[in-house]
Amino acid sequence: MADIQYSWPDRDSSKVIGGRQIRLDGMAKSTGAAKYAYDINLKNMLVARALGSPHAHCTIKSIDSAQAEKVPGVVHVHVLDHAKPGREIRWQGELLVIVAAETEAAAMEGVSKLRVEYEPLEVFVDEFNLEAAKKAGRTSKDGGKVQLEKEPGDDEDEATFADKELERLFKQSAHVVEGFYGIDAITHCCLEPHGATVYWDNDQLIAYLSTQNVSGTDEGFANDLKIPADKIEVRCQYVGGGFGSKFAPDYWGTAAARIAKATGRPVKLMLSRDQEFKLGGNRPSAYLKVRLGADKDGVVTVWDSDHWSSPGADGPGVPQGVIPYVFAPKNYRRAVTKVTTNNGPARAWRAPNHPQGCAITQTAYDDMAARMGISSYDLFLKNLGTDDSPGVAGAKPSVYAAEMEIAARLIDWKAKWHPHGKGARRGDIVDGLGMSLHTWGGGGHESTCTVKIHPDGGVESFCGTQDIGSGTRTVCAMVLAETFGLGVDAIRINYGSSRFPVSGPSGGSTTVGGVSESHRRAGQEALAKICEMVAEKLGVPAAELIADDGRIKARGDAKKSVAWKEACAMLGMKPLEVTATFRPSRNKSPLSDTKVGGVQMAHVEVDTRTGLIRMRKFVAVQDMGLIINRRLAESQIYGAVIMGIAYSLFEQRISDPASGAFLNADMSKYNLCRLGDIGEIVVEMYEPESERSRGVIGLGEPPVIGPGAAISNAVCNALGFRVPVLPLTPQRVLEAIKNNAGRA
Amino acid sequence: MKAFEYAAPSTEAEAIELMTERAGTVEILAGGTDLVGLMKQMLVNPDRVVNLMEIRSLREIEPTPSGGVSIGAAVSLEQILDSHYLDPYASLKQAINNISSMQLRCQGTLGGELCQRPQCWFFRGGHGLLGDDGRAVAQGDNRYHAVFANAGPAKFVNNSRLAPALIVRDARLRIVGPSPDAEQWVDLADFYRIPRHGEQRENVLRAGQFVSHIELPDPGSFQCATYEVRQGAGPEYPLTAAAARLNVQSGVVRDAKIVLGHVAPTPWRSEDAEHELIGKPLTAETIEAAGLAAIRLATPLSRNEYKVTLAQVSVERAVRMAAGLPPGGF
Ligand SMILES: Cc1cc2nc3c(=O)[nH]c(=O)nc-3n(C[C@H](O)[C@H](O)[C@H](O)COP(=O)(O)OP(=O)(O)OC[C@H]3O[C@@H](n4cnc5c(N)ncnc54)[C@H](O)[C@@H]3O)c2cc1C
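Chains as they are written, first to last, in the working numbering: chain A, 1 to 744; chain B, 1 to 330.
For the record, the hints were derived by calculation from the structure and aren't laboratory data.
Owing to the predicted nature of the structure, the values given are computational and were not obtained by experimental measurement.
Hints may contain errors.
Claimed, not checked - Simulated DEER-style distance windows between Cβ atoms: (1) R630/A / P63/B: 54 to 60 Å; (2) A3/B / G427/A: 52 to 58 Å; (3) K84/A / G37/B: 29 to 35 Å; (4) R630/A / A233/B: 24 to 30 Å; (5) R254/B / S635/A: 31 to 37 Å; (6) Q223/B / R630/A: 51 to 57 Å.
Yeah, the Cβ is synthetic: ideal placement off N, Cα and C, and Gly gets one too.
Can you build the whole structure from these sequences, using the hints too?
Structure below.
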């Protein structure tokens, strides 16, 4: 058989790809038929609840579970290793003891009867306050980078040279801005908390886990439980939100497995709502002090920043690589400090580090425009550079420029823009426009898919991927439907089990690239085999056959064809099974690519007496290579923009400075935006042939990056001065108005 | 949740008996939207729960002989919106509509709305109603706490969104118990109190008592409005609020009543603001003066100074709206 040329059909001949197929599991989800890990109830199952540390920093002196064990219905009490007497606990909510019982109520009563003695230790959570962090000994250098066009002489000290050279560049600059910008920590806020329902079938562990990583978590269980990974099956059909926080079984997942083993019964252990807030993951904060200089046209030529970031008690903070964001000035120095606090450790959050990088640096670029009295649009455009000499490290300048033009048209930038702080006033209300640029990789991850074609014409696929809500199941079905010339309903997609061929974790927007690769490849290979059989029968070379409209046809000769079912019947008694793997490599695959851009613009209104901000309109223009499902792609962008509005205006982890307690760790106090708060959102896909021909690129993350900077810039345009730290709460807006008295 | 006894009486007298017959703590259950959460988090652990929802007389809205309206404590907020008897009290309906959650309006009752426990995050985080005798609030993050009457250990705010609107209307409460035929009438303005120690609660109810009815007097020819500073469109509590009642004749304010919400451990009447209004022509200057007067006594905590500004704006905008003017902002 000749080597198969993997390819996508072109725009005009695509029947399914690029369409607006609704989610195949939409009905199951909206009727409740879809079963999430939280919904799995097994016969004879125990429900487990855990005691979390009330202190943000303490040592455990003793644990007494005698009273808890006596509570009617309590079956098992499990003290976690890290909570044994003498151990240090570094954040509030850290689980200490798990109680498994016949009912949730009994488990909770058991938890309330646990007696733990703590030795409280000094607490630090004030990550906003760098001086206090230094005094508390909570800071450490966290990398940095200097790049200058000029090089130091042989005998010159690099640091001294940098000082001098930067001073020289600033002196030479036509315009200099100094500023402070920040963005607070937020949590992942998954509606379905982390957790699992597990049982043992003899020596096999079956774990219904709420996970973004079906193929990769069995190892996590295996390592922790010291059993071979082949004795573990992880299952997950639906995930109620992960956003980067659900890649591992977590210690509570393996604890559930231990309790199930000890009791011989299935166990369900899901975090409680406050535990989900405290342990389920959060996005590091970041605060930046910067001086930037631009030439007379507004092109930033020198950037000197110091930023600090806190991932809580553990983990990496926001690195220097996203500073400044997308823009790449020729000369820069960027220093980073990490602040360690008594908050739960950070986890990857949708486009890790990019939203923070964008929010704390493209605001500084916007302030340069304000300083010069020019439109942010013009300044951003000047700083793009050209495709030959790019001023950005992201997508191509020409892509950004084209997307800016579209976005400006959709938000009516020309008519609505006014110089910063110079807009018309309606009562106490002023309005403003702001924009931002973003970039992301989104290349496909490794993925293996087995396609099985039954002699009766049935088609199914097996792949150890997951659908984290983004529509992976639907996308896979569309790829195979297109490949075999069938309807999506004719395809059965099997995923969500670690017993299936390995596919990567859903992080980094890598899923759609990975699974569309593996499904298309396996599909094309299987089709080639079917065509070989049909070729003989029709007397047409296999290469001349195409699958279309439920038939295998000779290209250009409609009379020569067989129905799909008839073709499959030629398989005889045995189904055809084909497995194909995609492995990302340096060589560009014809089916997928990496790296996207995107432009976002916000139009806001600010009430200058209450500090309230209302979204009027938000425009998101996005490239993503070839679009498989337009509706789902748009829906990713709408969702991302809404999430972005939430972290720009509402969301914030509030830690009590005195006790370190996470004060708003509950849904009624952790403010999120509602549908009434989002204004009009306009999504525009940028898919000219130059983009489409690149193949599939992920887009789950990119559109969530820009709202922070775009909204902050719009507020600054409205008020005439910056509200420096996100979220822009009424309190902060009023404080900024006070600090800029006379300017509002 | 701790195991508890549950009772669902069908008359007031039975309810009182169930609340008083035995030692142990008793909680009243109405819609349960607040109580059940408190019980699940084991912040409130009653031995017995007495459900008022089966008592017919508490679920009715009726006109009173004196031209007012009586509302049973177990009437849902949605029922109030639907009742024509309450059409003349448009600002009450407006305040209910601000609670932008269909579920809360259908399930929550007027009695429960008025008796809901504070949202103070130290209370809800297990530090007691006063938050370690006031220390937790004073030393900790108090951005949402009281800016008036906060010198004692109680620094939480009263969260009722309907109390200000009802107080400016001179609403009264009928309280029954603890003896089977005991009944007493209390002005809603006098119902709330500031607890001084951990044994006290936020209102004057004693063990064995509950609110059976809320009575509104004749609507009169007042102009009323409520303005809330709401950060978003959801059912979250406003940052501050004010209700205003005006009687304006020939452009001059003859009478005024101003009550703020979410600024003190009780709904907070501002006689200072009222004085600035009464006898004055209703001009922008008068309204501004009322706003300023309203915050004269403010004593912000370490992190909530902005609420003083919001209180001032709330008063101004409530007065503007009562006067039929646009609020000026959102
Ligand atoms: C997510 C969420 C958001 C909320 N948002 C708001 C909001 O925006 N605005 C708002 O006002 N409220 C809000 N609430 C609080 C509260 O649930 C409502 O105010 C509701 O109206 C309370 O009524 P209920 O009948 O459900 O009260 P319940 O929960 O039954 O009772 C509340 C309290 O009052 C006591 N009580 C009830 N009836 C009486 C009575 N007749 N006599 C004496 N004591 C009584 C109970 O014992 C209990 O302590 C919110 C609650 C939730 C869960």
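Here is what the structure says about each hint:
Under the hint 54 to 60 Å, the C-beta atoms of R630/A and P63/B, about 58 Å apart, fit the expected range. Separated by about 56 Å at the C-beta atoms, A3/B and G427/A satisfy the suggested range of 52 to 58 Å. As the Cβ distance of K84/A to G37/B is approximately 33 Å, the hint placing it in 29 to 35 Å holds. The hinted window of 24 to 30 Å between R630/A and A233/B holds, with their beta carbons roughly 29 Å apart.
Distance hint check: the CB atoms of R254/B and S635/A are about 57 Å apart, inconsistent with the given range 31 to 37 Å. With their beta carbons about 53 Å apart, Q223/B and R630/A fall inside the hinted range of 51 to 57 Å.
The structure fails hint 5 only (numbered hints given earlier).
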